[in-house]
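Trainee: Take the sequences, apply the hints, and build the full model.
One line per chain: the protein sequences are D and P, in this order.
Position one of the first sequence corresponds to residue 41 (our numbering), numbered consecutively onward.
Position one of the second sequence corresponds to residue 41 (our numbering), numbered consecutively onward.
No lab work stands behind these hints, which were simulated from the structure alone.
Among the hints, erroneous ones may be present.
One copy or any two copies: either way a pair holds, since identical chains are not told apart in the list.
What the hints assert, rightly or not - Only pairs whose alpha carbons sit at most 20 Å apart, straight line, appear in this in silico EDC-like list of lysine to aspartate or glutamate:
| hint | residue 1 | residue 2 |
| --- | --- | --- |
| 1 | K76 | E146 |
| 2 | K46 | D189 |
| 3 | K101 | D353 |
| 4 | K397 | E186 |
| 5 | K106 | E90 |
| 6 | K216 | D496 |
The residues making up each chain are set out below.
2 protein chains.
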Amino acid sequence: MERDDKGIGAAKLGDFPEWYAQVVQKAELADYGPVKGTIAFRPYSYGIWELIQNAFDNMIKKTGHKNAYFPILIPESFIKKESEHFEGFAPEVFWVTHSGNNPLSERLILRPTSETIIYYFMAKWIRSWRDMPLLLNQWCNVTRAEIKDTKPFIRTSEFLWQEGHTAHATHEEAEKEVMQILEFYRKIIEEYIAVPVIIGKKSEREKFAGAEYTMTLEAMMPDGKALQCGTSHNLGQNFSKPFEVKFLDKDEKNKFAYTTSWGISTRLLGALIMVHGDDKGLVLPPRVAPIQAIIVPIAYDGESGKEVLSNADAIAAELNRKGIRTEIDKREGYTPGWKFNYWEMKGVPIRIEIGPKDIANKRAVIVKRVSGEKNPVERDKLLNQVKKDLNSIQKEMFKKASALLKERTTDVNNYEEFKDMLSSKGGFIKVKWCGSGECEEQIKKETTATCRAIIDQKEVSGKCVVCNMDAKYLAYFAKAY
Amino acid sequence: MERDDKGIGAAKLGDFPEWYAQVVQKAELADYGPVKGTIAFRPYSYGIWELIQNAFDNMIKKTGHKNAYFPILIPESFIKKESEHFEGFAPEVFWVTHSGNNPLSERLILRPTSETIIYYFMAKWIRSWRDMPLLLNQWCNVTRAEIKDTKPFIRTSEFLWQEGHTAHATHEEAEKEVMQILEFYRKIIEEYIAVPVIIGKKSEREKFAGAEYTMTLEAMMPDGKALQCGTSHNLGQNFSKPFEVKFLDKDEKNKFAYTTSWGISTRLLGALIMVHGDDKGLVLPPRVAPIQAIIVPIAYDGESGKEVLSNADAIAAELNRKGIRTEIDKREGYTPGWKFNYWEMKGVPIRIEIGPKDIANKRAVIVKRVSGEKNPVERDKLLNQVKKDLNSIQKEMFKKASALLKERTTDVNNYEEFKDMLSSKGGFIKVKWCGSGECEEQIKKETTATCRAIIDQKEVSGKCVVCNMDAKYLAYFAKAY
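Mentor: Rendered as structure tokens:
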């Protein structure tokens, strides 16, 4: 952040792209790299990512998954083995052609995702039904050469993610895995990042290249565009066959494994910024805030200044001991007002102000970032109040975001309404759909909206919004990042 | 592991390379990738790495360092800015030349280390003395194209590491940082991995390309070759100048920052395997063992089998609750003896055997991997005994390794002795040295040994082991990985 800066110089609902770019830079979240589409994750955004990692890592470890690490360098021949997969990723891979001064005998790609390289190993490691389920996960960087519309966190040529890869003896077990992970993702996105999502299946057109089907979690951004926040794929035997991931089953027969893959990425940081931020800057949900409470001492000079600082130290120590991530802004040469603005821009959920008067009155002042609400609290009730406030802020932020999601979702009955609502209001358009690729293609062509998620529902009565034939699905369409 | 395998089929001191390769594979630590020199880190080795990460991450966070993440793709022009640095790394970098079907306008390298890309950002982020020290760290993958002598963990074309990068206002502060990290590394390597190290300065010839000086921690392997386990570099202003990492100091003058960088990598796993392993396989120090205690139930059938399993469950729950990483081997169809061998090969520090007789006698049996020592323990004293044993095993392993390091270090008085000892015994040869590059070069040429570390000592009396001129340094020479 430029210290002499006045804060975010664009309104969120006025110039959204400019607002986003400024929040990313001024809240010290990320900076642009020299190679198109690459960014540096500054400590503040990386700290948020570490909290997300920690939460998800606990969930998967408790359910028997183990972390591993696979090579980033994948031979060209690997990615060509599953043809749909190759077609999906080939246009955006980075090619490694030389090492030192020598051309390589086979071109290599940098992993855009690791199915192909991981199945190479799975085929070696799996022998019999005893070796399954094999539940692997890796936290790593992936690269996909993005040319257009690059945007920090949302669309970058390199990002960080976890990719889970599992192998099962039956289709049913693979299905259970896909749904278990989907629920973990919902928890992370809704209960940690406080972003509500629509959960459903991807259409054939939109599913992961090579998957049997893809489950998705889709959030809505303030500019009316959907953001895919996580996907969980059932790959059936589509990958196990070309990569020969086979096992000897209990019945002594050799069978191909059923595999799944799933991922969430640093894109979630983009969703978080877009959904919760305001004209003052970032607003962080407490559960993923690297700093949950920032203490701003009000006086510095003389004896009373010393007392203020020692009180601030005592509060910080007490809160940190109880697991509340607390820091004190002791920087000299800045006014309290300047510091208030600084930490508001950084989105810290709670500010604690303490000055000589507060000490005399045995109290402190709590200010909530999300609402601006300001309350004096007795010193000996401070810890409990901060705990309570962090909980209520987390809930409040999700509630607020849920109301916005509802507001940005429209049911329509015919194609004219679809087009009207999409161009006037954007957001999710909820429709009945016959399920045909032709209707989907027509929507895409005429409106640029895509099918974001199909809702699982046994019977759908009514007609397709495009062709007026019998509808098969309820589906959410939207323009998307 | 092949289930019908008989264990490690080579003696550690008989055919060391073959022994190492078998331990890596059979203990399910790593597997060879399709691209030369790449490996997959299987969950078991990655679990060890996670424990190392956790320990070191805590140390650096407590001292104000923050994690961040920087692009893996670095423009060719960056690496050319510091000429020594470029010469050092150019022969082993991977070059990215295309994205999708398009040639890139500038060739990119995959980071072999991140000084150049990080300084690009530091130059933007640092304005004044207030912004320093800037204490950054990243956990990531790096690639260095290794053609010869590749060996899992020890020398691979891609490995995992942390790289710290810090900027300071004075040379003195940078120096303090270099030494603080060196001490953290000593703790990790000696107190966690239980591998004793020689600590000293690298010679001009051996220092990091572009550094003012490099501090190193060197371990000795059983085949008499040294292994560099970690380095901490004082870069002075060598990088801040070409990359223009400047700051406005308190005296209102613009100055170049003093920078440091430091790293430890998954190479440490190689040191751990080589130093502690034995003819039965891996031996893990408790502090970095993913499984610290493995419970092997002795009976399965009928009522007594049920009772054994429920007792095993109760023990596992009790130990896990107290933070001891404990698992039960409930696999059917394998004899207890087979399981003993299996977990010995995997190096689990403590095995707990429990059968119907043990239950009748209200006891269990503890077997220590490192010594094979077997002791019955009363059931209600089990938890405390396991705790005690884990502590004593950790110490015992370090003591044992320290004795070996001593045994493999020889003081010599003249060059003939140097050559004799190096060829007959290997290990560290401790010598007096004039400090000249000529003598160092002569040793390298005639013996292939290099200077591993120079010991900091004010006055050295005596003559250089090669040229017989006045000695300046005490130094350790050895052949090295």
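Trainee: Give a verdict on every hint.
Mentor: Results of checking the hints against the structure:
1. Proximity of K76 to E146 under the C-alpha cut-off of 20 Å is restricted to the inter-copy arrangement: shortest distance 11 Å between copies versus 26 Å within a copy.
2. In this assembly of identical chains, the alpha carbons of K46 and D189 never lie at most 20 Å apart, being 28 Å within a copy and 57 Å across copies at closest.
3. When the C-alpha separation of K101 and D353 is checked against a cutoff of 20 Å, the pair qualifies only between copies, where the shortest distance is 19 Å, while the shortest distance within a copy is 36 Å.
4. In this assembly of identical chains, K397 and E186 lie within 20 Å of each other by CA distance neither inside one copy nor across copies; the values are 55 Å within and 66 Å between.
5. With identical chains, the CA atoms of K106 and E90 are at most 20 Å apart both within one copy (18 Å) and between copies (11 Å).
6. Taking the shortest alpha-carbon separations for K216 and D496, only the intra-copy value of 15 Å comes in at or below 20 Å, while the best inter-copy value is 61 Å.
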